[in-house]
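A.B. asks: Kindly generate the complete structure, drawing on both the sequences and the hints.
Line by line, the protein sequences are chains A and B. Residue numbering for the first sequence is 1 to 846, as defined by the numbering used here. Residue numbering for the second sequence is 1 to 304, as defined by the numbering used here.
Keep in mind the hints are simulated off the structure, nothing from the lab. C-beta: ideal position from N, C-alpha, C; glycine also. Not one of these hints is a red herring.
The following residues of chain B were derived to be distant from chain A, with all beta-carbon distances above 12 Å: (1) E4; (2) D30; (3) I43; (4) E46; (5) L137; (6) R142; (7) V163; (8) G216; (9) A225; (10) G248.
To be clear about the criterion: a stretch of chain A counts as covered by chain B if any three or more of its residues have a C-beta under 8 Å from a C-beta of chain B, and this derived list gives those stretches: (11) 140–153; (12) 285–291; (13) 313–319; (14) 378–391; (15) 405–411.
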Amino acid sequence: MSTLQPDPTAAGRDAGHDSSHDSGHDSGLGLLTGDYRPLAGAYDEMMAPDGTLRGPWPAFLKRLGELGEEGVREAFAGAEQQLKNSGVFFRVYDDPVGAERPWPLTPVPLLISASEWAELSAGAIQRARLAEALVADVYGPGQLVRDGVLPAAAIAGSPDFLRPLVGVTPKGGRFLRFFAVDLGRGPDGQWWALSDRAQAPSGAGYALENRLAVTRALPEVARGLNVERLAPFFQAFRDDLAALNAGAEARVGLLTPGRLNETYFEHAYLARYLGFLLVEGGDLTVRDDAVYVRTVSGLKRIDALWRRLDSDFADPLELRTASALGVPGLVQAVRSGRVDVTNALGSGVAESRALMGFMPTLCRHLLGEKLILSNLATWWCGQEEERQEVLDRFDRMAIASAFSNALPGLPFWSRLGAAMSKDEREAARALIETRGLDVVGQENVGLSTMPVWDGARLVPKPFVLRLFVAAVGDDDWTVMPGGFCRISGAGDARLVSMQQGAETADVWVLSDTPVKETSLLPQPDRVAIRRSTGTLPSRSADNLYWLARYLERAEGTLRLLRALINRLVEAGGDGDQPIVRALIDHLRFMGAIETESEGTPVDLIAAALSDPASPSGLPALTGAARASGSAIRDRLAPDAFRAVTEIAALFEATGRQRLTPAQMLDEVNHGLRRIAAFAGLAAENMNRAMGWRFLDLGRRIERALATAAVVRSFALEAPSTETLDLALEAGDSQITYRWRYVMRPAPLPVIDLLMLDDANPRSVAFQMARIVEHLEALPATRLDGRPVELLRLARKLDARIANTAAEKMSVRDIDKITRRLLRLSGLVTDRFFTQRPSDARPEELE
Amino acid sequence: MIYELRQETRYTYAAAIPYSSHVARLLPVDRPGQTVRRATLSITPEPAERGETTDFFGNRICHFALDRPHDALVVRLDAEVEVTPTDPYLAALTPPAEEVRVLAASSDDLGPASPAHGLFASPSVPLDAAITGYAALSFPARRPVLVGAIDLMKRIKADFDYVPGATDAYTSPSDAFVAREGVCQDFAQVMIAGLRGLALPARYVSGYLRTEPPPGRARLEGADATHAWVEVWCGDEAGWVGLDPTNGIAAGEDHLILAIGRDYSDVSPLDGVIVTSGAHSLTVAVDVVPLSGASGKRQLKAVE
Numbered sequence: 001m002s003t004l005q006p007d008p009t010a011a012g013r014d015a016g017h018d019s020s021h022d023s024g025h026d027s028g029l030g031l032l033t034g035d036y037r038p039l040a041g042a043y044d045e046m047m048a049p050d051g052t053l054r055g056p057w058p059a060f061l062k063r064l065g066e067l068g069e070e071g072v073r074e075a076f077a078g079a080e081q082q083l084k085n086s087g088v089f090f091r092v093y094d095d096p097v098g099a100e101r102p103w104p105l106t107p108v109p110l111l112i113s114a115s116e117w118a119e120l121s122a123g124a125i126q127r128a129r130l131a132e133a134l135v136a137d138v139y140g141p142g143q144l145v146r147d148g149v150l151p152a153a154a155i156a157g158s159p160d161f162l163r164p165l166v167g168v169t170p171k172g173g174r175f176l177r178f179f180a181v182d183l184g185r186g187p188d189g190q191w192w193a194l195s196d197r198a199q200a201p202s203g204a205g206y207a208l209e210n211r212l213a214v215t216r217a218l219p220e221v222a223r224g225l226n227v228e229r230l231a232p233f234f235q236a237f238r239d240d241l242a243a244l245n246a247g248a249e250a251r252v253g254l255l256t257p258g259r260l261n262e263t264y265f266e267h268a269y270l271a272r273y274l275g276f277l278l279v280e281g282g283d284l285t286v287r288d289d290a291v292y293v294r295t296v297s298g299l300k301r302i303d304a305l306w307r308r309l310d311s312d313f314a315d316p317l318e319l320r321t322a323s324a325l326g327v328p329g330l331v332q333a334v335r336s337g338r339v340d341v342t343n344a345l346g347s348g349v350a351e352s353r354a355l356m357g358f359m360p361t362l363c364r365h366l367l368g369e370k371l372i373l374s375n376l377a378t379w380w381c382g383q384e385e386e387r388q389e390v391l392d393r394f395d396r397m398a399i400a401s402a403f404s405n406a407l408p409g410l411p412f413w414s415r416l417g418a419a420m421s422k423d424e425r426e427a428a429r430a431l432i433e434t435r436g437l438d439v440v441g442q443e444n445v446g447l448s449t450m451p452v453w454d455g456a457r458l459v460p461k462p463f464v465l466r467l468f469v470a471a472v473g474d475d476d477w478t479v480m481p482g483g484f485c486r487i488s489g490a491g492d493a494r495l496v497s498m499q500q501g502a503e504t505a506d507v508w509v510l511s512d513t514p515v516k517e518t519s520l521l522p523q524p525d526r527v528a529i530r531r532s533t534g535t536l537p538s539r540s541a542d543n544l545y546w547l548a549r550y551l552e553r554a555e556g557t558l559r560l561l562r563a564l565i566n567r568l569v570e571a572g573g574d575g576d577q578p579i580v581r582a583l584i585d586h587l588r589f590m591g592a593i594e595t596e597s598e599g600t601p602v603d604l605i606a607a608a609l610s611d612p613a614s615p616s617g618l619p620a621l622t623g624a625a626r627a628s629g630s631a632i633r634d635r636l637a638p639d640a641f642r643a644v645t646e647i648a649a650l651f652e653a654t655g656r657q658r659l660t661p662a663q664m665l666d667e668v669n670h671g672l673r674r675i676a677a678f679a680g681l682a683a684e685n686m687n688r689a690m691g692w693r694f695l696d697l698g699r700r701i702e703r704a705l706a707t708a709a710v711v712r713s714f715a716l717e718a719p720s721t722e723t724l725d726l727a728l729e730a731g732d733s734q735i736t737y738r739w740r741y742v743m744r745p746a747p748l749p750v751i752d753l754l755m756l757d758d759a760n761p762r763s764v765a766f767q768m769a770r771i772v773e774h775l776e777a778l779p780a781t782r783l784d785g786r787p788v789e790l791l792r793l794a795r796k797l798d799a800r801i802a803n804t805a806a807e808k809m810s811v812r813d814i815d816k817i818t819r820r821l822l823r824l825s826g827l828v829t830d831r832f833f834t835q836r837p838s839d840a841r842p843e844e845l846e
Numbered sequence: 001m002i003y004e005l006r007q008e009t010r011y012t013y014a015a016a017i018p019y020s021s022h023v024a025r026l027l028p029v030d031r032p033g034q035t036v037r038r039a040t041l042s043i044t045p046e047p048a049e050r051g052e053t054t055d056f057f058g059n060r061i062c063h064f065a066l067d068r069p070h071d072a073l074v075v076r077l078d079a080e081v082e083v084t085p086t087d088p089y090l091a092a093l094t095p096p097a098e099e100v101r102v103l104a105a106s107s108d109d110l111g112p113a114s115p116a117h118g119l120f121a122s123p124s125v126p127l128d129a130a131i132t133g134y135a136a137l138s139f140p141a142r143r144p145v146l147v148g149a150i151d152l153m154k155r156i157k158a159d160f161d162y163v164p165g166a167t168d169a170y171t172s173p174s175d176a177f178v179a180r181e182g183v184c185q186d187f188a189q190v191m192i193a194g195l196r197g198l199a200l201p202a203r204y205v206s207g208y209l210r211t212e213p214p215p216g217r218a219r220l221e222g223a224d225a226t227h228a229w230v231e232v233w234c235g236d237e238a239g240w241v242g243l244d245p246t247n248g249i250a251a252g253e254d255h256l257i258l259a260i261g262r263d264y265s266d267v268s269p270l271d272g273v274i275v276t277s278g279a280h281s282l283t284v285a286v287d288v289v290p291l292s293g294a295s296g297k298r299q300l301k302a303v304e
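C.D. replies: Take a look at the structure:
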């Protein structure tokens, strides 16, 4: 470990940047390190106790200093903005409204020198190999237990030891393909392995995002320092998974628990980045022991799954029976070797704290090597001697669960003995006495600190570093040159105080030789990875369709509200004007204003804009649009998704009751502009593949319904000049009308323009023509060469509208058209989204 | 004794199910003291896919899937099983509980018979301090483990009321313990939770009881449906010993083992995943009769 002790370098002092003497003199370094002091008793990554700067830090600070004080502040603010713009969010499980919050990033990266990295990466790879060998033995020959190297109970006690998988060899031969290890550095400068992550480690996607944000904010600094690139690591992982499964044509799914999971953003981001299909359990079905994804083109075979769902949730038939997240039959599919699941189901068994004390022995036994990265000292109380040791040194140890489940009867997963209440102490000691099996004692190790920007200056904060290791080839591994650094919010540098991590930092591994100029990552969208455009999961199509419908409905409602506000202002606030009453009635009919609600027109408008209880009010519509959007984040351009969240945020704010009509008008116009911006982004940034067709299909059906309703309310029953004007305004067709008819609106031309004129992009006829186009282009709208009911109905409706004359149009006709449009939407759902099994035959098996 | 064993499980759905997949743990296997002479599982409607495998604990598992709309599912077991009573192990000769605890924790066997699998909380049996405290009363210092386990079983039989319908398959042992009532599953899981709380290995057995008692003996509780009891590990020599807390007796000639696992979730006779908005109803009928007995020709009777 001696080489891991970085020598405090004199470079800082030589360069005249020693903060203790120069604070305030140098604009960059003075600002950054002027009053920086390492915490007593903790190793600081940047500064030795005597104030000298370590290893790569002087070079970094020097380049940063060249930006000047203002430049540094701007660059740091830029990193934060960059991250916000990219849409990095994580979800807080406990948050009752499921709000998404920005992932906090501190702009100063953790720096790791080339020599230090060489040893860290060798240590991480060794741990991956060790975990692989361990898992392979546990689910295979079981030699470790039989030889007495491991007690059976240290395996049997893990909820991640999945008995149905015992004896099952993975399709690709390897159990682990994506492994992580959490590291901390003790006060003596030595790195420790705090825990192994073999189940479904998260954080690599966030590391990628952090890298983009920081290097964009500090391009010159990054360029000058030879920062190792992350992209080749992901390429290697992706290529290996693909090579194992039919090569470039492989259909790889990233299996996510869904958008309520706290790291869902990362799943969507990585799926998009790697060209994997983002799938939830409900998207998949097992037929004849093979895994298929439900797509709009029917069932498509999945060759490999990168699992981000905990194993025991993966199959409700054979694992956790109540799981709604899994895929019934997945275990049987794995058993029969027809799908490759990475990491293998059950690999979480290697994460148990109970095993940590055995790691040095296991490493010698399985690999014939000495551990490179020492373990956090751990005593499993399932053994007599260890149990006694923990009881004797109770106060100085962290008492923790030996496995991944909670400690029975105790309100914590890990707590320092000395920090326990009297009751907790008694309960913990009693548990250790009778069921030591469930408990470990761990050394209460100190963590090192790194400089963290608090908005005004750098302060030392403790952190944990996660390194990622991916499988390549038959027996090789590669480490991501970087990592995911989680920084504790507490000033206390002991491991036990480290909770989830309050902030994150990028991790720069510095090369001794220049890294190619292209070291800044390309846009994720431009990574040259092929993706199959032919596979649109039904759930994605469903969400695209509804996203468009909700937004279109929101737009229509906003248009009607704008008309209402204008009429109200013109009438001097008189709510009894017939046109005002007619509009309110229509809004009630559309659900934007609740049928029973009472109040002045201004109150009703305010409610439509801000009352989440109105079924078709703006908060409900835009909130539903955001929910649909977040479920398909891998399908939307980041800008488009951001537009959707901004629209929803606009109508989340409360307090509209106090707005004047003029202010409400501003809000409405603001909303309309945002929705137009989304439509523009979607139109510009989506290729014309199936996803776009579902988005447009949703918009067309919704627009046809809304326009038909407007015609019914304002142009058919006792129309007046005013109501006809209103129909044109709500149908956004005033300008077209004036171009065509130099006269006041008359009923028949208005009906013709809004219902039948297929040259008017807002007319029902125009929408129907687009709907038919989409349905003809979408897969499998025909069975046996004959159009299915869906397409037949669309064509019939299209023809019927085309052949109707305006003077023949009645309320009954409109109602009939509306009913058929709704039926059409139902058939779209049946055909593409719910996948009635009778229609969904598996494609031919290869 | 040779038994003819029949079980019919019938699901009726309010709305037709287009696709469903299932796992049945309904086929008995040979075990010490039990020989399966014949066992077939018939499924109606005819499954589109059907396969068999053996699970970790050696139970026979049948996977099947139905891909046509169906509003009922009937799974019928027909079997002939011979039970040879084994000599009961002398309880007083088993090692003390303290010793068994150490033996189990240090076991170097991870195979299906290992005591290690019976040591920990499992999906349907979380540990419960109150149950552990209750169980501890049966294990004063140095008492042989089987003597203590039999005492615990008899206390449960005495303290709990057998009340069909009071609980369901998802009732936790903690709730059953508070209510002091339940069915065989609850009795078994309370006893397992108590033993495991003391770090003594215990596991769950699903199976059947002889429907009608031999002349002159009382009818056993739980004979109308699948039954459940407990096995406690009593050291390497005695191994796993079956105890039936519902009836307060050791498992013997009247007990037919169907499946063994850590708890109900490992041996649930019929699991399935269906997508439906409608309700469903379930009836289970069981008949276990001595092959040569007088009541051998009786019809299945429905219960529940």
